[in-house]
Amino acid sequence: MTSRWRYQTYLAVFLTLLSIYLLIPSVLNFGAVRERAEKQGEELPWYYSLFPEKQINLGLDLQGGIYLELEVNVDEALVHRSDIIVGELERFLKDKGVTYQRVAVIPKTSILEIFLNKAEDLGVLRNHVRDIYGNSLKELESPPVVSLRLTAQGEEAAVAKYQEVLAWAKGQPKILEVDRFQDVVQFLPAKAGEAEDVAAAALAQFGADLERYQPPAALFLAQSEDYQARLKDETLKQAVETIRNRIDRHGVAEPDIRRLGDNRVVVELPGVSDPDRAIGLVKRAGKLEFKLVDETIPQAQVQTLVEQARSDNKLPSGFSEEVVVKLNEALKGKLPADSEIAFEIAYDPVTKKIAGGTPYLLKRKVEVSGEMIRNAQVSVQNNEPYVSLSFDPAGTKAFADLTAANVGKQLAIILDGTVSKAPQIKSAIPSGEAQITLGFGDYQALLREAEDLVVVLREGALPASLKEATKTVIGPSLGKSSIDRGFKATLLAAAVVMVFMAFYYKWSGVLADFAVVLNVLFIFGALTLFGATLTLPGVAAIVLTIGMAVDANVVILERIKEELAAGKTVKAAVDAGYSNAIRAVLDANITTFLSGVVLYQFGTGPVRGFAVTLMIGILTTLYSAVVITRLVYD
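Just so we're aligned, residue 1 is where the sequence shown starts under the numbering used here, counting upward by one.
For the record, the hints were derived by calculation from the structure and aren't laboratory data. Among the clues, some could well be false.
Computed list of lysine-lysine pairs in PhoX-like fashion (alpha-carbon distance at most 25 Å, straight line) [said to hold, decoys possible]:
hint, residue 1, residue 2
1, LYS506, LYS421
2, LYS237, LYS488
3, LYS283, LYS138
4, LYS283, LYS421
5, LYS421, LYS353
6, LYS161, LYS138
7, LYS409, LYS365
Using C-beta positions, here's what the derived DEER-type ranges look like [as the list claims (entries may be wrong)]:
hint, residue 1, residue 2, range
8, THR490, GLY280, 49 to 59 Å
9, ALA200, SER390, 19 to 29 Å
10, GLN601, LYS170, 48 to 58 Å
11, ASN383, SER427, 44 to 54 Å
12, GLN153, GLU76, 14 to 24 Å
The C-beta atom is built at its ideal place from N, Cα and C for all residues, glycine as well.
Between the sequences and the hints, there should be enough to build the whole structure, so can you do that?
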């Protein structure tokens, strides 16, 4: 035997032993034994340390789990970015000593409006916007809203007239939204270019009760199209990354999280034991805000207004985001401008169901946000878990300034639109620390909730809210059934082919069968080594690969038979058979491999699983059919 064939023999033996070594943990299910030992505090047998911890990763369809398609509200991210810009512009104007009437985002848009008290300050503001935001923001030539002043004297009369305006506007198709600040009512036209029509209709309807309002200096800024496109792309990327980080902390093995189209994220979580908890962790916005309580209306009156709005508008008694939005819409005109209703929800300690909710009137302005958090951790006091927060330097300063300027007032801590608590500020808090309590109930349940909240806060809020578009929960029993059926199908296919090969080609057929067995062994070994995921389509790819392997062996054996029939010796027939068959074998397998590359590049989910297994199978087929069988013949 030449040194070349000696080395090839050593390589074949090495690959066979390596594949067996890699597959032992999967065949003997070391993972389940390790998990059980960790839970029960037992020691593993000594030989477990000799083998790798890796096992074959089974896909969602084989071991059960969750498949989610989540729709990302990218438009919400645009509004959120405008809110951030508002805060930055307010700080700039205050630092420069520039007085202003209003810096806000126009409702139902991402457009910023700035009303200054002096026209000469516009130049300073324009220069700042150009220096900081460049081409990201563009100045609108004409106002996108119609501003009219209420002429009624006194707040009570102004509120009454504003309610009349709201009632009238609801029946006007050209009016998309109505808002109020101070004594100014703003109308947002449904279409660009209809502002003058809206103004004329409102003035004609209310006569002397409304008059045109022109601020001393006004600036309207809109996000450029390129900037919005970048923001939407960043929003999807950030959503994928945030979800991935949360899932990694949750400890799910081999999750598949990816973009789908322009506004969706696909999440596949195989082997999840608690689907509801995992889904909650993925979808939770994690939006933490600190807002001041608006104390211009007494708490008892706020409660009365909410109950009356529910009754008058036939709203359900729940506290979902949709209900709260409708409540605020119904109370528009009855609440102070730039204020909103939010609820602190109480839970029954026994049933864990919602027992009621306390409404708070909050100022819309976010004083401190979760983006300023440096760290969050679970703490326990009096046997009650809670989440302790610490802010970064900017957040510490903002929190200190906020508490120092509002001693004696209530500060609401809002998490995902719900008030966690609203304590009274007793003194300035320069330490930059805060707490989120979780109420009363089962200790372990509260601890899990605190741990999940810490994961969400540490990894940051989602850049936009997520809406569940598709959800499929595959139970472990269904996954086991898929494995059993797939294994039986593979075994049956292999058995039929191998029996036929042995019957038709005698000892050469047995050799081909041996090559097919090694081929399957190499496939599973490679899947384990590279951490690839085996899916049900992947099982189909293995069955297809078996067929391809048999096809390669048949081509070679038929060529050898032809050479023997031509009168050549066995050695000469084998040499000629392999030489003549190699082109056909390579052509078929390379073509199939390229098809697998295309499927992997453009496919998703199960198609990719099929492609990966197919490509691995093609490579092992070529090696087992061309190299290993030739070694045995030689």
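Here is what the structure says about each hint:
no. : hint                        : result
1   : LYS506 - LYS421             : violated, 81 Å
2   : LYS237 - LYS488             : violated, 41 Å
3   : LYS283 - LYS138             : violated, 34 Å
4   : LYS283 - LYS421             : holds, 22 Å
5   : LYS421 - LYS353             : holds, 18 Å
6   : LYS161 - LYS138             : violated, 35 Å
7   : LYS409 - LYS365             : holds, 15 Å
8   : THR490 - GLY280: 49 to 59 Å : violated, 37 Å
9   : ALA200 - SER390: 19 to 29 Å : violated, 55 Å
10  : GLN601 - LYS170: 48 to 58 Å : holds, 52 Å
11  : ASN383 - SER427: 44 to 54 Å : violated, 28 Å
12  : GLN153 - GLU76: 14 to 24 Å  : violated, 39 Å
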